[in-house]
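Residue numbers (the numbering used here): 1 to 242.
FYI, nobody ran anything at the bench for these hints, they're computed from the structure.
Hints may be right or wrong, so weigh each one.
Within a straight-line C-alpha distance of at most 30 Å, the following computed DSS-like cross-link-like pairs (lysine-lysine) qualify [stated by the list, open to error]: (1) K80 x K97; (2) K214 x K190; (3) K177 x K190; (4) K195 x K177.
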Amino acid sequence: MPIRADALALERLLQLQSEDSSLDRSRRRLEQLPERARLEKLEHQLEELSSDADMAARNRDDVARIQDRLEGEISVLEQKLQREQQRMYSGQVSNPKELSNLQAEVEMLTRRRGGLEDELLETMVARDAAVSTLQSLSSERNELSSSVSELSSEVARLSGEIEADLSAHQQARDELKSRLSEELVALYEKIRSAKGGVGAAALERDTCQGCHTKLPAREVERLRAEGGLQRCDNCRRILVVP
Numbered sequence: 001m002p003i004r005a006d007a008l009a010l011e012r013l014l015q016l017q018s019e020d021s022s023l024d025r026s027r028r029r030l031e032q033l034p035e036r037a038r039l040e041k042l043e044h045q046l047e048e049l050s051s052d053a054d055m056a057a058r059n060r061d062d063v064a065r066i067q068d069r070l071e072g073e074i075s076v077l078e079q080k081l082q083r084e085q086q087r088m089y090s091g092q093v094s095n096p097k098e099l100s101n102l103q104a105e106v107e108m109l110t111r112r113r114g115g116l117e118d119e120l121l122e123t124m125v126a127r128d129a130a131v132s133t134l135q136s137l138s139s140e141r142n143e144l145s146s147s148v149s150e151l152s153s154e155v156a157r158l159s160g161e162i163e164a165d166l167s168a169h170q171q172a173r174d175e176l177k178s179r180l181s182e183e184l185v186a187l188y189e190k191i192r193s194a195k196g197g198v199g200a201a202a203l204e205r206d207t208c209q210g211c212h213t214k215l216p217a218r219e220v221e222r223l224r225a226e227g228g229l230q231r232c233d234n235c236r237r238i239l240v241v242p
């Protein structure tokens with residue numbers, strides 16, 4: 001049975017199409033927000049930077065532990081060296097062999113202390129570099145974190161505006177849909193689904209606004225004379241003829 005639709009219903013159908021097109025545009029805008037893409041990029045950079053900063057902090061702590069160990073070893077060695085030197089110069093050791101062994105021990109301890117001090121110096125330089133690297137990364141991370149926070153707020157604001165717009169268009173769509181027959185809406189939505197989101201189009205200047213095909217004058221006259229629900233012969237969308 002043919003679907004019947006008067007001029008008012010067809011006008012409402014065009015309005016429904018307009019609301020659907022607005023909804024589609026708003027959804028695409030929400031999904032494709034340039035600010036959201038930039039935010040995701042910055043968040044990825046922040047994640048990598050945080051990982052680098054954490055690694056730098058671990059490196060600093062590792063070097064600090066090495067420095068503490070070396071300083072402890074040097075302190076113990078220094079105390080032992082002082083004791084041996086005191087024995088050697090106190091005159092308490094008179095046995096030549098024992099004195100020679102004591103002198104060799106002092107020389108060995110002195111060399112060992114020198115080696116540890118060289119290692120400590122290198123470690124202190126490495127620690128300064130590690131601290132400097134961590135400070136630089138932490139500063140960069142703080143700046144980037146601030147940028148992420150600001151952009152996140154902007155994305156939330158824009159998303160809120162778009163969602164409010166979506167809500168308004170959805171409400172208008174629901175109101176229009178309630179005033180149309182289920183059969184007409186079902187046909188429209190079926191065509192819209194198959195035709196890239198456009199199920200109904202107006203005829204303007206003898207041209208279908210759905211596929212932009214210009215209709216012959218005789219065809220336009222026939223459509224106007226028949227009235228009611230019409231379809232574009234080219235794109236098969238519902239054609240609303242004024």
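How the hints compare with the structure:
Between K80 and K97 the alpha-carbon distance is near 20 Å, which keeps this suggested pair within the 30 Å criterion. For the hint pairing K214 with K190, the CA-to-CA distance comes to about 24 Å; that is within 30 Å, so the pair holds. A C-alpha spacing of about 14 Å is found between K177 and K190, which places the hinted pair at or below 30 Å, so the restraint holds. Of the pairs offered as hints, the one joining K195 and K177 holds, with about 19 Å between alpha carbons and a cut-off of 30 Å not exceeded.
Comparing the model with each earlier hint shows no violations; every hint is respected.
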